[in-house]
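Participant: Sequence:
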Amino acid sequence: MKKYVLDANVLMSALISGKQIYLSIFERIQFFVPDFIITEIEKYKFLILEKTKLKTSEFNEFANKLFQNLSIIPSSYISEENINYAMNLCMDIDEKDTMYVALSLQMSITLVTRDIPLFKGLKKKGFKNVILFDTLFNEME
298 MKKYVLDANV LMSALISGKQ IYLSIFERIQ FFVPDFIITE IEKYKFLILE
348 KTKLKTSEFN EFANKLFQNL SIIPSSYISE ENINYAMNLC MDIDEKDTMY
398 VALSLQMSIT LVTRDIPLFK GLKKKGFKNV ILFDTLFNEM E
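Numbering-wise (my numbering), the sequence shown opens with residue 298 and increments by one.
Hints may contain errors.
Calculated pairs, BS3-like style, for lysine-lysine (alpha carbon to alpha carbon, straight line, at most 30 Å) [to be verified]:
| no. | residue 1 | residue 2 |
| --- | --- | --- |
| 1 | Lys422 | Lys348 |
| 2 | Lys350 | Lys393 |
| 3 | Lys340 | Lys420 |
| 4 | Lys342 | Lys316 |
| 5 | Lys316 | Lys348 |
| 6 | Lys422 | Lys393 |
| 7 | Lys422 | Lys299 |
| 8 | Lys300 | Lys417 |
| 9 | Lys425 | Lys352 |
| 10 | Lys316 | Lys393 |
| 11 | Lys421 | Lys299 |
| 12 | Lys340 | Lys352 |
| 13 | Lys393 | Lys420 |
| 14 | Lys342 | Lys299 |
| 15 | Lys342 | Lys352 |
| 16 | Lys417 | Lys393 |
| 17 | Lys340 | Lys417 |
| 18 | Lys362 | Lys348 |
| 19 | Lys352 | Lys422 |
| 20 | Lys421 | Lys362 |
| 21 | Lys422 | Lys316 |
| 22 | Lys422 | Lys300 |
| 23 | Lys299 | Lys393 |
| 24 | Lys425 | Lys393 |
| 25 | Lys393 | Lys362 |
| 26 | Lys300 | Lys316 |
| 27 | Lys362 | Lys340 |
| 28 | Lys348 | Lys421 |
| 29 | Lys299 | Lys417 |
| 30 | Lys340 | Lys316 |
| 31 | Lys300 | Lys340 |
| 32 | Lys417 | Lys316 |
| 33 | Lys425 | Lys350 |
| 34 | Lys425 | Lys300 |
| 35 | Lys422 | Lys362 |
| 36 | Lys300 | Lys420 |
Simulated from the structure, these hints should not be mistaken for laboratory data.
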């Protein structure tokens, strides 16, 4: 089974869409996220619920299935060295993505994102362990 670090924007898109294709992808790939993602989801919870076309019960069932296939990693697992390196990579792109990049560094696995400025910015700085979700999705078809 392939392993990736998942950025919050992909998870939020999946939650909003409620599309079964996300469940299929999440069942075939092991995704890791930093515990910080819980704060992100809570911060945008009402916006997510407002944008989804699912009924509340359907949304809850869908969200539960998605989260069953996520491994949430405590921030304390990530070394200070990797956090600092990620901070340097992200500081002029988007500092909010630091923990996702740091987890990718810590686990030596690729970060999946929908954030094009982050993707391009990291690539420009020589960080190769990043892929756009659409590219990953197209590779799976």
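Participant: Just to be careful, I want the Cα atoms of Lys316 and Lys393 compared with a cutoff of 30 Å; is the pair within it?
Facilitator: 27 Å, holds
Participant: Given the hint that Lys342 pairs with Lys352, does the C-alpha gap stay at or below 30 Å?
Facilitator: Status holds; Cα separation ~15 Å.
Participant: Under the criterion that the straight-line Cα-Cα distance not exceed 30 Å, is the pair Lys350, Lys393 satisfied?
Facilitator: 28 Å, holds
Participant: For a C-alpha distance cap of 30 Å, please report whether Lys316 and Lys348 respect it.
Facilitator: 13 Å, holds
Participant: Just to be careful, I want the Cα atoms of Lys352 and Lys422 compared with a cutoff of 30 Å; is the pair within it?
Facilitator: 43 Å, violated
Participant: Is Lys421 close enough to Lys299, meaning Cα to Cα at most 30 Å?
Facilitator: 25 Å, holds
Participant: Please work out if Lys393 and Lys420 have their alpha carbons no farther apart than 30 Å.
Facilitator: Judged against 30 Å, a Cα distance of about 17 Å means the pair holds.
Participant: Assess, step by step, whether the Cα of Lys300 is no farther than 30 Å from the Cα of Lys340, and give holds or violated.
Facilitator: 26 Å, holds
Participant: Going straight from one Cα to the other, do Lys362 and Lys348 come out at no more than 30 Å?
Facilitator: Status holds; Cα separation ~19 Å.
Participant: Are Lys422 and Lys300 close enough, with their CA atoms no more than 30 Å apart?
Facilitator: Holds, at about 23 Å.
Participant: Measure nothing beyond the straight line between the CA atoms of Lys422 and Lys393; if it is 30 Å or shorter, mark the hint as holding.
Facilitator: The hint holds at about 17 Å.
Participant: Measure nothing beyond the straight line between the CA atoms of Lys362 and Lys340; if it is 30 Å or shorter, mark the hint as holding.
Facilitator: Given pair Lys362, Lys340 holds - Cα atoms ~21 Å apart, limit 30 Å.
Hints 1, 9, 19, 20, 21, 28, 33 and 35 from the list above are not met by this structure, while the remaining hints are.
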